[in-house]
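Visitor: Each chain, letter by letter, is given below.
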Amino acid sequence: MVPSYVPLSYYLMLGGFLFACGVVGFLIKRNIITIFMSIELMLNGVNLSFVAFAAHWHALAGQVFVFFVMVVAAAEAAVGLAIIIAVYRTRETLNVDQVNLLKL
Amino acid sequence: MHLILFLAFGAVCVGGAINLLAQRHPINSALSLIAVMAALAGEYLLLGAEFVAAVQVIVYAGAVMVLFVFVIMLLNAGEEEETKGSRVAILLGVPGMLTGSVLVAWVVLRQSGNEAVAIGALPGSPQDIAQLLFHDFLLPFEVTSVLILIAIMGAVVLASKPETPAGKAD
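Top to bottom, those sequences are chains A and B.
Numbering follows the numbering used here, in which position 62 of the first sequence is assigned residue number 62; successive positions increment by one, without gaps.
Numbering follows the numbering used here, in which position 115 of the second sequence is assigned residue number 115; successive positions increment by one, without gaps.
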């Protein structure tokens with residue numbers, strides 16, 4: 001018989017796995033856009049934990065925090081991608097290993 | 001039933017996250033990230049957070065990822081090449097992820113045991129959330145609007161073409 005509920009720990013493990021994948025992507029990827037996507041993956045993992053805890057403690061504030069995280073993520077994506085465009089314009093590369101000088 | 005749905009959406013999440021790491025072309029990574037976000041919206045629905053699920057699809061899988069795909073296509077990003085640094089990073093990063101995941105799973109299983117998340121018990125309707133957002137969290141809400149304004153201005157300033165000095169057109 002399959003239980004009709006999902007333990008909180010399953011949600012937390014899924015969130016932790018997504019966060020760990022984001023950390024690894026941040027470390028092993030060399031394309032600056034993919035590194036950025038890894039950060040979004042980390043934020044998503046944290047959001048899942050927020051919602052799971054909100055459901056567990058019956059506190060709706062956890063869901064409100066998710067909105068704030070989403071706002072920060074959207075602002076970060078807008079500014080970060082603008083920075084990527086600016087970097088690409090001056091260096092003509094997206095590889096972070098070749099972006100190692102503050103001044104050209 | 002809930003457990004089966006959780007496992008199905010969770011499998012899409014895990015597969016998408018691993019695919020994001022495995023793909024070399026950024027557009028493939030972006031598409032698998034969209035799959036992860038859509039599956040996460042399903043998980044939010046299972047947790048009774050319907051409004052969060054809708055916003056996840058609209059803002060994350062919609063707006064943010066469209067921005068990513070747009071920039072990837074604008075910059076004509078190709079496959080990333082292997083470098084010495086990336087090989088070192090794989091050697092360090094993959095064991096690091098495995099250790100981190102196992103550690104998190106161990107701590108979580110030890111601490112929380114098998115307590116159930118009661119599904120549908122939480123009122124996650126837009127009305128309840130608006131009550132919180134516009135009443136209890138009014139000040140943070142207003143501060144985020146300032147943050148977004150600054151982000152818009154920053155993006156416009158950063159992405160606009162640098163001004164060329166007069167008489168020196170490039």
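Simulated from the structure, these hints should not be mistaken for laboratory data.
It is possible that part of the hints are untrue.
[Said to hold, decoys possible] Residues from chain B shown here face chain A by an in silico Cβ test under 8 Å; the list is partial: (1) His2; (2) Gly10; (3) Val12; (4) Val14; (5) Leu20; (6) Leu21; (7) Leu31; (8) Leu40; (9) Gly42; (10) Leu45; (11) Met73; (12) Gly100; (13) His135; (14) Leu139; (15) Glu142; (16) Ala159.
[Said to hold, decoys possible] For each label pair, taking beta carbons as the anchor points, the in silico distance ranges come out as: (17) B:Leu91 x A:Val99: 15 to 25 Å; (18) A:Ala59 x B:Ala54: 39 to 49 Å; (19) B:Phe70 x A:Val69: 15 to 25 Å.
Glycine is no exception: its CB is placed at the ideal position from the N, C-alpha and C atoms.
Visitor: Evaluate each hint against the coordinates.
Guide: Okay, the hints, checked on the actual structure:
no., hint, in the structure
1, His2, "holds (5 Å)"
2, Gly10, "holds (5 Å)"
3, Val12, "violated (11 Å)"
4, Val14, "holds (6 Å)"
5, Leu20, "holds (6 Å)"
6, Leu21, "holds (5 Å)"
7, Leu31, "violated (10 Å)"
8, Leu40, "holds (6 Å)"
9, Gly42, "violated (11 Å)"
10, Leu45, "violated (10 Å)"
11, Met73, "violated (11 Å)"
12, Gly100, "holds (4 Å)"
13, His135, "violated (11 Å)"
14, Leu139, "violated (12 Å)"
15, Glu142, "violated (12 Å)"
16, Ala159, "holds (4 Å)"
17, B:Leu91 x A:Val99: 15 to 25 Å, "holds (22 Å)"
18, A:Ala59 x B:Ala54: 39 to 49 Å, "violated (20 Å)"
19, B:Phe70 x A:Val69: 15 to 25 Å, "holds (22 Å)"
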